[in-house]
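Asks: Line order of the protein sequences matches chains A and B.
Heads up: the first sequence at position 221 corresponds to 221 in our numbering, and the numbers run straight through without jumps.
Heads up: the second sequence at position 79 corresponds to 1079 in our numbering, and the numbers run straight through without jumps.
I should point out that these hints are in silico values taken from the structure, not numbers from a laboratory.
Cβ coordinates follow ideal geometry from the N, Cα and C atoms, glycine included.
Misleading hints may appear alongside valid ones.
In silico DSS-like links for lysine-lysine, alpha-carbon gap of 25 Å or less [claimed, not checked]:
| no. | chain 1 | residue 1 | chain 2 | residue 2 |
| --- | --- | --- | --- | --- |
| 1 | B | Lys1046 | A | Lys278 |
| 2 | A | Lys447 | A | Lys287 |
| 3 | A | Lys147 | A | Lys256 |
| 4 | A | Lys365 | A | Lys411 |
| 5 | B | Lys1046 | A | Lys363 |
| 6 | B | Lys1046 | A | Lys256 |
| 7 | A | Lys411 | A | Lys278 |
| 8 | A | Lys411 | A | Lys256 |
| 9 | A | Lys458 | A | Lys447 |
Across the chosen pairs, the derived CB separations fall in these ranges [claimed, not checked]:
| no. | chain 1 | residue 1 | chain 2 | residue 2 | range |
| --- | --- | --- | --- | --- | --- |
| 10 | A | Ser300 | B | Phe1038 | 48 to 56 Å |
| 11 | B | Gly1077 | A | Val47 | 18 to 26 Å |
| 12 | A | Asn259 | B | Glu1042 | 23 to 31 Å |
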Amino acid sequence: MDKASVIELLYLLASVCFIMGIRGLTHPRTAVRGNAIGALGMLIAVVATLLHQDVIEFTWIIVGLVVGSLIGAVLAVRVRMTAMPQMVALLNGFGGAASVLVAGAELLREPPPPLGDVAVATYASAVIGSVTFWGSLLAFAKLEEYKAFRKPIRYPYLQPINALLGLGALALTVWGVMEPNSIAAYWLVVLIASVLGVTLVNPIGGADMPVVIALLNSYSGLAAAATGFVLGNSVLIISGSLVGASGIILTNIMCKAMNRSMTNVLFGVLQPGEDAPKQDEVYKTVKSASAEEVAMLFDSASRVVIVPGYGMAVAQAQHAVRDMYHLLESRGIEVLFAIHPVAGRMPGHMNVLLAEAEIPYDKLKEMDEINPVFAETDVAVVLGANDVINPLAKTDPQSPIAGMPILEVGKARTVVVIKRSLSPGFAQIPNPLFAAENTLMFFADGKKAVLDLIAALKE
Amino acid sequence: MTDWMGLILFAEQAASASDKVSGLPLGLAITIFVLAVFVGFEIITKVPPTLHTPLMSGSNAISGITVVGAIIAAGAGHSLWATILGTLAVVLATINVVGGFLVTNRMLNMFRRKSN
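Generate the whole structure from the sequences, applying the supplied hints.
Replies: Written out as structure tokens, the structure is:
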């Protein structure tokens, strides 16, 4: 067998490893091994590439691999679990940028490569990769809540400008495909797509960030696949399309969980309805409770459901919640956690935060599973969630969150909402649940509230 | 169902008709792409929501496969600029790969810890 065939087979082996690896992620028990198999696949692919006949000079490869490994390892070890969305955004971006650079380097080959059909792929790498890189960097800055990026930069003709940039990139692509070796056209496309990446992500914020992260994840895969077409490399195409599919699926799940279309998330602006109920009107009958009163509720409860939102993570309350969970379980009370698909800042984020606090994953229940349980729940404790439990989503068709599937917390015998104040959530609408007959508001910082509850329970 | 069967059929036809580019006929490349997308859809829809964050960071690491292209670009000695671009790409893609797999491993260990 010649060397090229060996390399091809090694690439095939790597691709199989990636597929097996992702399949391992279908259960928490097999997931660690799955991830290791994926990493093994990557090692195989890298070794196979080092055998490639085109690779004649190793110094810079080794320098790049060492530097990249060090930076990657430091990032992975140091990142806080609450900052996982930023980390994924950053890594997405790096993947996208790498695709741009590889396709750019391919254009510089001596003698020039016979581009032909794959010229389109070269420009696809440029566009998708650049949008991914700059979009991800901006998403990172927004998630880190850097001051300058807290609010989107406002300017008129938002969508026409985006359309113009898109058309510009397309026109340059056509030019580039006609004259395949036009290096200038390539980097101009990179420049335009970079601007486009920023203008596309700029207006999106808050609760819509999970969708953006998932979509950019998909793009980073598609960029890799496009680069695979440029190089005629099967392992790049296979892994790129796997990741592309994964990102699209997650994007869809997020959009469905908000009852919004992808177009609406990406290009629409969430606005409060015209005749949204007035806050004072809604909150006339709000009752508040103290830690002691809530603790007394727990005393007679047999099932408690905790509904965490990103507010819990902001207050760093997950470890206090874990202590409360143990205390309640030790008294024979069943404790479950209700997780809305868009809770947290990326798909599955809340589960990771609770797993970090060592709460068993079989206690975390998805929306469809937990909603029927609320009717047989004594106390539902809402901690840092708001829009995802707002009954207006079901009752008010004019509401900006109309049709969004919610956690039906109100069906529990008593609802305790731990919240600093009555301030609205991201959707900027009041929540009638807070004033419902069976709801008690416990006004406090999330972590302090839970600690107070634990103290009251122990008395 | 029938939609994507048609797509694959198209890809196969394109494969037999196209000319060779960079070692892999374009049509064959499209075939591989389409089939891999469907394999992706099949397995990824089975991943439970609990593991969606590790799925994202893990698949993210896999998208760092661009490192393969980067290595060829950095090591082929085509020109100074190609080497510079390639080396930079190796660095970025390796951060993607190593950071992605390690952070996924860190997260998944948290799930395993309390699974019994």
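Asks: All the hints need checking, so say for each whether the structure fits it.
Replies: Verification of the supplied hints:
1. In summary, the hint linking Lys1046/B to Lys278/A is not supported, as the alpha carbons are separated by about 43 Å, beyond the 25 Å threshold.
2. Restraint check for Lys447/A and Lys287/A: the C-alpha separation of about 21 Å stays at or below 25 Å, so the hint holds.
3. Pair hint Lys147/A plus Lys256/A does not hold up; C-alpha atoms about 31 Å apart against a cutoff of 25 Å.
4. Taking the CA atoms of Lys365/A and Lys411/A, the gap is near 16 Å; set against the 25 Å cutoff, the hint holds.
5. A threshold of 25 Å between alpha carbons decides the hint, and for Lys1046/B with Lys363/A the separation of about 20 Å falls inside it, so the pair holds.
6. For the hint pairing Lys1046/B with Lys256/A, the CA-to-CA distance comes to about 17 Å; that is within 25 Å, so the pair holds.
7. The hinted pair formed by Lys411/A and Lys278/A meets the criterion: a straight-line CA distance of about 24 Å does not exceed 25 Å.
8. Proximity of Lys411/A to Lys256/A is assessed by CA-CA distance (about 23 Å); at most 25 Å being required, the pair is judged to hold.
9. Of the supplied pair hints, the one linking Lys458/A and Lys447/A holds, its CA atoms being roughly 17 Å apart against a limit of 25 Å.
10. Distance hint check for Ser300/A and Phe1038/B: the Cβ-Cβ separation is about 53 Å, which falls inside the suggested range of 48 to 56 Å.
11. Checking the proposed 18 to 26 Å range against Gly1077/B and Val47/A shows it holds: the Cβ atoms sit about 20 Å from each other.
12. Checked against the hint of 23 to 31 Å, the pair Asn259/A and Glu1042/B passes, with Cβ atoms roughly 26 Å apart.
This entry does not satisfy hints 1, 3, going by the numbered hints stated previously.
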